[in-house]
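Protein chains in written order, with my numbering: chain W, 1 to 111; chain Z, 112 to 224.
Check the hints yourself; a few may be wrong.
[Claimed, not checked] The calculated BS3-like cross-link candidates involving lysine-lysine, where the alpha carbons are at most 30 Å apart (straight line), are: (1) Z:Lys211 <-> W:Lys70; (2) W:Lys55 <-> Z:Lys116; (3) W:Lys18 <-> W:Lys71; (4) Z:Lys211 <-> W:Lys18; (5) W:Lys3 <-> Z:Lys169; (6) Z:Lys168 <-> W:Lys3; (7) Z:Lys153 <-> W:Lys55; (8) W:Lys53 <-> Z:Lys182; (9) Z:Lys221 <-> Z:Lys153.
Rather than coming from a laboratory, the hints here were simulated on the basis of the structure.
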Amino acid sequence: DVKVTQSSRYLVKRTGEKVFLECVQDMDHENMFWYRQDPGLGLRLIYFSYDVKMKEKGDIPEGYSVSREKKERFSLILESASTNQTSMYLCAARDSNQPQHFGDGTRLSIL
Amino acid sequence: QQQVKQSPQSLIVQKGGISIINCAYENTAFDYFPWYQQFPGKGPALLIAIRPDVSEKKEGRFTISFNKSAKQFSLHIMDSQPGDSATYFCAASRGAGTYKYIFGTGTRLKVLA
Numbered sequence: 001d002v003k004v005t006q007s008s009r010y011l012v013k014r015t016g017e018k019v020f021l022e023c024v025q026d027m028d029h030e031n032m033f034w035y036r037q038d039p040g041l042g043l044r045l046i047y048f049s050y051d052v053k054m055k056e057k058g059d060i061p062e063g064y065s066v067s068r069e070k071k072e073r074f075s076l077i078l079e080s081a082s083t084n085q086t087s088m089y090l091c092a093a094r095d096s097n098q099p100q101h102f103g104d105g106t107r108l109s110i111l
Numbered sequence: 112q113q114q115v116k117q118s119p120q121s122l123i124v125q126k127g128g129i130s131i132i133n134c135a136y137e138n139t140a141f142d143y144f145p146w147y148q149q150f151p152g153k154g155p156a157l158l159i160a161i162r163p164d165v166s167e168k169k170e171g172r173f174t175i176s177f178n179k180s181a182k183q184f185s186l187h188i189m190d191s192q193p194g195d196s197a198t199y200f201c202a203a204s205r206g207a208g209t210y211k212y213i214f215g216t217g218t219r220l221k222v223l224a
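From just these sequences and the hints, can you work out the full model?
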């Protein structure tokens, strides 16, 4: 099974800061995803990438951007963090025709 | 049409009982329905999945029942154990290989010892 590693389990940042969330997968999978998880709302897709330097917007991309310079690494960027971006962020990876595998999440607090 | 409605939001079951979580979808193009299990502090992990060409799939104590005409599917956990206490998410997609899963809002299950 693919191992998806998110670099930080907990992160506290201030309003207006630029925030980077990092995700690395170990199986050379083409597809990677960023979700946010909020109580009562489930998992909502922010962005996904189907190849190096390729990205597509998900359902809630506003306020976020992503970067995929290498196949194994997918970064989520909060350009100017706001309190409503306090959430659990989950990264996932998937090979073609296989289900998504998730990392353990980064709990981000914006003060 | 893109929603997946999941119920209940929370569920308390006695040890040894049956836990049932239901999901309903609208988009008839969906053809892959996975269930994920998430323990506190962990990411969701794939538990079991079904395609609409079968009405039921069983793996150990976990069974998915699928009703294509009603556009509903459900997870049954037989002989529920305290170790099953977790949040469960259903999802739907157009094929396992598609980019996008539509997730339900989750069910928090607590199994009492």
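Each hint tested on the structure:
Distance hint between Lys211 of chain Z and Lys70 of chain W is fulfilled; the C-alpha atoms sit about 22 Å from each other, no more than 30 Å. For the suggested pair Lys55 of chain W and Lys116 of chain Z, the alpha carbons sit about 28 Å apart, so the restraint of at most 30 Å is met. Between Lys18 of chain W and Lys71 of chain W the CA atoms are separated by roughly 23 Å; this keeps the pair inside 30 Å, and the hint holds. Proximity of Lys211 of chain Z to Lys18 of chain W is assessed by CA-CA distance (about 27 Å); at most 30 Å being required, the pair is judged to hold.
Under the criterion of a C-alpha separation no larger than 30 Å, the hint pairing Lys3 of chain W with Lys169 of chain Z is consistent with the structure, at around 26 Å. Taking the CA atoms of Lys168 of chain Z and Lys3 of chain W, the gap is about 26 Å. The hint holds against a cut of 30 Å. At most 30 Å may separate the alpha-carbon atoms for a hinted pair to count; Lys153 of chain Z and Lys55 of chain W meet this at roughly 26 Å. Restraint check: the Cα-Cα separation between Lys53 of chain W and Lys182 of chain Z comes to about 37 Å, which exceeds 30 Å; the hinted pair is violated.
A distance of roughly 16 Å separates the Cα atoms of Lys221 of chain Z and Lys153 of chain Z; the hinted pair therefore holds under the 30 Å criterion.
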